[in-house]
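Number of protein chains: 2
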Amino acid sequence: MSNIVGGDEWNVVQEGFNLDNNKIYESIFSLGNGYMGVRGNFEEGYSGDTLRSFFQAGVYYPDNALFGWYKVGYPRHNNKVINATDIIGIKIFINGERLDLAKNVFTSFKRTLNMQNGLLSRSFILIDGNKRETEFQFERFLSMHNKHLCVIALSIKSINYTGSIEIEPYMDGSILNEDTRSNQKGFWIEVKKDFETLVVKTKKTDFYLASSMKVKIYQNGIIKNIPMKMIKRDRYVGQRYRINLVEGINTRIEKFISCYNSRITPKSEVLKKSKENIKKLSSYDFKSLLSKSEKVWKKKWNNIDIKIEGDSSCQQSIRYNLFVINSTLTGEYPALNISPKGFTGELYSGSTYWDTEIYCFPYFLYTNPKIAKNLLLYRYNHLNQAIENAKLLKLKGALYPMITLDGNEGHAEWEITLMEIHRNSAIVFAIYDYIRATGDQKYIENYGFEVIGNIARFWANRTTYDKANDKYQILGVTGPDEFHNNINNNWYTNLMAKWVLLYAFKQAIWLKLNNNEKYIELEKKYNFSEEEIDTWKNISEKIFLKTDKELGIFIQFDGYTNTEQTTIEEIPKDELPLAKNWSWDKINRSSLIKQADVILGLYNLSNLFSIDEKRKNYKYYIKRTTHESSLSPSIYSVLAAEIGEVQEAYKLFRRTSRIDLENYNNDTEHGLHVTSMCGSWLSIIKGFIGLRIINDSIIINPILPKEWESICLKILVLNRELQIKINNRNIKIKLILGSDIEININGKLYLVSNKKELVINSNEKHYDSKNDS
Amino acid sequence: MSNIVGGDEWNVVQEGFNLDNNKIYESIFSLGNGYMGVRGNFEEGYSGDTLRSFFQAGVYYPDNALFGWYKVGYPRHNNKVINATDIIGIKIFINGERLDLAKNVFTSFKRTLNMQNGLLSRSFILIDGNKRETEFQFERFLSMHNKHLCVIALSIKSINYTGSIEIEPYMDGSILNEDTRSNQKGFWIEVKKDFETLVVKTKKTDFYLASSMKVKIYQNGIIKNIPMKMIKRDRYVGQRYRINLVEGINTRIEKFISCYNSRITPKSEVLKKSKENIKKLSSYDFKSLLSKSEKVWKKKWNNIDIKIEGDSSCQQSIRYNLFVINSTLTGEYPALNISPKGFTGELYSGSTYWDTEIYCFPYFLYTNPKIAKNLLLYRYNHLNQAIENAKLLKLKGALYPMITLDGNEGHAEWEITLMEIHRNSAIVFAIYDYIRATGDQKYIENYGFEVIGNIARFWANRTTYDKANDKYQILGVTGPDEFHNNINNNWYTNLMAKWVLLYAFKQAIWLKLNNNEKYIELEKKYNFSEEEIDTWKNISEKIFLKTDKELGIFIQFDGYTNTEQTTIEEIPKDELPLAKNWSWDKINRSSLIKQADVILGLYNLSNLFSIDEKRKNYKYYIKRTTHESSLSPSIYSVLAAEIGEVQEAYKLFRRTSRIDLENYNNDTEHGLHVTSMCGSWLSIIKGFIGLRIINDSIIINPILPKEWESICLKILVLNRELQIKINNRNIKIKLILGSDIEININGKLYLVSNKKELVINSNEKHYDSKNDS
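Note that the protein sequences, when read in sequence, are chains Z and C.
As numbered in this note's numbering, the first sequence has no gaps in its residue numbers, which increase by one up to the final residue, 781.
As numbered in this note's numbering, the second sequence has no gaps in its residue numbers, which increase by one up to the final residue, 781.
Some hints here could point you the wrong way.
Given that identical chains are not distinguished, each listed pair holds provided it fits within a single copy or across any two copies.
Derived lysine to aspartate or glutamate pairs resembling EDC-like cross-links, with alpha carbons at most 16 Å apart [said to hold, decoys possible]: (1) K402 / D582; (2) K79 / E583; (3) K224 / E174; (4) K315 / D16.
Note that these hints are calculated values from the structure, not bench results.
Assemble the whole structure, with the sequences as input and the hints as a guide.
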């Protein structure tokens, strides 16, 4: 946990190179454009420790699922987005030997990610055995304007000699996965190739990927026609050029690659489109293409940027988080979703988790509601599979998968995370959240109720009646805290199920009153009945939610207070993280938890709980939370801000937002914590800004850490675009788009009109958020 | 569940052949001699559904362990006894085509296992396309006299033609495992071969196996010298002979194979010994070798036989059980133990489970105490690994593995069975049982206390103090009932741990008083202290054992009575077995249990509980027990007999003893339920005979099912050999060996002297077994 990068508010910079931590930087310098992803690998290759990865979003392979003993309902396959054709590769041969920073001597290594335009550049001076010095500069970006395009420029300059060099820009479809369970020798087979094109397809899933390449070579700015030697192997096309180097003369190689995959484009068209796309580029060069992409980034930043004055470290990290999130999901492709590591590593297999609804969805909801709606439709489109999934487990209604790429369950950790059925409620909660922030109640009629009704049916069926107490229990689950599996009455799971059942009941009533025809249609389609819908309300009212009156807390699960009682403070540093040092036997019996659980419930349904309840639970659970899930600190940060512990909120925010820039969890090498980066946004908007929407009213309740002089950001809410500026003297709210609206700020109502920016003092008292919804 | 075999009290017979259930019979007709094992495969090969398996006891390979997500302390390897050189093979070619019962036409198929001498014979008449008929008879046995020897005789007779036939007796080391997780192309590589010998060794574990073969051919009883053609391939040696067949003339091929493996014999000697062994046989033939082996069986039967009059089905099945158990473990090799499927299939990987201590140990204890002592020493010899295993899980003391071949944990089902730490108590209980039945208290000094002390230390460390109630809990376990994992305060686990802690405390006191030098030596070796030993007693006194006063039962685990309440009766037949029809999600939340759990506790510590307690718990739990573990019915049978439900005891005994002969659990194809067969013996001895030893006194309390006219058996106990004969009129006890002893029969004391058989009426009242031990 140290500053492993430098730079400034718009740039992330690495100076100098260390063989030992290359994979961390490969993750940090990942690029993506919502269609493709590339880790910060070296164009010229690297024989040291590396994870060379190129992803085509959503292009997956059904790897073997592993289990000690198969049980009914276990998935047989574990779908994963696999490594695809290497599109960045440019081999470089000096004196016949391949350039390789793991072996060569070099100086002045510097790498910069420009977050404003998505340009990644890298430079170094190579010193060979004869003291000849050559300067290399690489630049690359994935176009935000033409999503199929990867553009690379390589500048080479001899500093003190005349000689020659060979380069070989290539496309290589023989790339392997590091993580594979089926001992596959690669997941791809070749379909076709020529001097500029490579078409490969995946085994089993039959996804096609066509890549076309064009290379332009300039010397001192003038384009050169240099003879090319074609290099062909199975799944490999390279173009070899010999280039003369003269002292002081700059040689610049530009490589353009166009990729089309059949996850998005029909199989029959990928080859044609990829060739056409590369042909169209003839009149463009690196600079002009970068400029087009930059314009898209500029427009994005205009909407999403969060300006923090007085704290350049937080300014850098929140921009880095926003950059990564927006590189991962751009919203044009409804079949795609956002995975915990995005396109930055193999871990989590590029699949969709409940992270989407709880962490990412609110971000998109308040910055780009169309993408948010697409994320809801993603689940709507998988409803039938969720119903099938429940059936497999002998349950009624719909159970959405723990991880998925196609709507089917693809999870591989049976007894622990597969039991996290709380994921089902997150999907309903996102619908509620969407309607609350957009006012689009129509969504219920067109899509929402089908999902909500089937999930309510699931919960009604999954509860177990306790006759003695006239209560409903939920047995045998894992809560968000993955340190305790197969527990009974997880407070979070019960709370959310209770809420879902009541919300579903209310939406049924609403639908019946407002569109009875649709209501009857769905009643028929899913065999709902008034009797069943009434049970949702009844069960909801009787779901257990246990409290410990003495401690003044909600009990995370039955028996939690009887676990081995300890707090984080008592654990020697060298035993952390627990997951890497303690056995499951020990973890599972301990009172220490992995991540926000009860606290996540208080966060989700914030307005159902008093500040006092939040404070007591926060104080209790934070002492017992290891934050070994990257999803944890952001939620604690929101609660800390809400209960007035602003400096603790700040610490937790930093931990979230700089998780990869400081390699907090010591696992950045595997990829970035993409979905948890949305948590940084939550910490700001729901924590420091204190944004809530209750009964169609916008509430804000800001509190800034002392390090921040001011913050400025925009949100889209209830069909308005608002700009919010806060410093320690005043709060300014500007209505950029939409009609006048009243906003409750620090407990008092203000009218925000488009006539004039609202400016008020920021010294009001905290309000208590407990309120019926 | 039907009679799939015929036969009589000494023979198991299959008449006719059905392609669909070949693997069931392959299991049923398995042979073993404690050194090797062979399934009932056909010598000539079979292209239909088959599991062709040859085991060398204890010769294993470290297969890859599988897990969705690795956790600290998980074993990386899953050792398994692997398929070894095919020693029975004799290829038969008729008109150049290979004889194959999956493809050829034949009549009069009959197979017989003679349990008295271990001879397996099989005959059929082959009818070829030209209506030529040939009679085949195969006989084989694994010698009990020379453990390295497999002997086969093949008789061939033409019924209606003159012609020729080719045969190829062979040894084939290229055999594969059906169950492998490492995609290995076999686990063996060739070391050496010649015309009569094949030496192979395992990859990684480097176990050597030398097999030598001799073939003798007779026609009409006269030995023939027929030219042999040698067939050699990688890991394969065959001897091909062409034989003329003349109507009515019998040709008899005798194949002798001698195997030496380096699990038992030094690597450097296996080849030499195997060649020597086969050379020695020159003067013997099938018949003389069978006679030697038969003598050993005869001696065994004289000690172990249980004669049941009036019920030929039970007579057959108890003999079958005894035959299989004694084919699996013969006791000469202390490094070997007994696996749930013995040498009859790949499942359970030939490894040792807690089945050994709870199910098999008592059988050997009362029939062959030397073997029982070896089984204790097996664990004693693994104490260091058990201490290491506990350390891996960050626990103190010793935790014996759930499954093992070499003392290391080799389990592959993490969250469920690995949590069955109750296995640890079974090891102490076996020591107690041994001393109780043999009076060999010296065992404590020499070996026992080291194991007991380290297991007590484990339990003391593994309990969690509940301050509020001043009680100790055991959290996060799986009990014997594998349908409920990660539960708290499993009654069985708590009961046994409580008992172990007190027993360990008492043994420490005993050792200190009786051999203080040894006590001090062990105190130093393991760093025990009086203070620690005192905590064992304290914790023991305060371990939770929950009862439900209303129901009058012991509660299987915290929250058991709040699970989804149902009974077996309410479950539709087509949903059974649950493990194959219900999801884990559903099984885990249900009140239905897989096997004896509370009942097993009442069985183990029988004298601590009253008949009334036993009756109430039996009545409650039997309605909720699916018996999906083969280990379950026998224990319920003992309890049923004890509470006077003799016909229910009988039903449960039948289910146990005929589990494979009737394919009760529909899984005999994978191998026989060897360890649970010991349960049949328990049902008789502890159930129908009602044998107990309390405070150095023998107690019997017989009760016979109405189907049985009489039962007669021998036991070795407290240095006496007793013969017990019971019918519905009287109980006869004969002291065969040892000094006079008093026996409590049906609550009254009788002197049994070697002067004369004791004969009493069998119409006394039940006694109540509750008694301090």
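Now for the hints, and whether the structure bears them out:
1. In this assembly of identical chains, K402 and D582 lie within 16 Å of each other by CA distance solely across copies; the values are 14 Å between and 44 Å within a copy.
2. Proximity of K79 and E583 under a CA criterion of 16 Å is satisfied inter-copy only: 14 Å between copies versus 34 Å inside one chain copy.
3. Taking identical chains as interchangeable, the C-alpha atoms of K224 and E174 lie at most 16 Å apart only when both belong to the same chain, with a minimum of 14 Å there against 73 Å between chains.
4. Proximity of K315 to D16 under the C-alpha cut-off of 16 Å is restricted to the intra-copy arrangement: shortest distance 13 Å within a copy versus 90 Å between copies.
Consistency note: the structure conflicts with none of the earlier hints.
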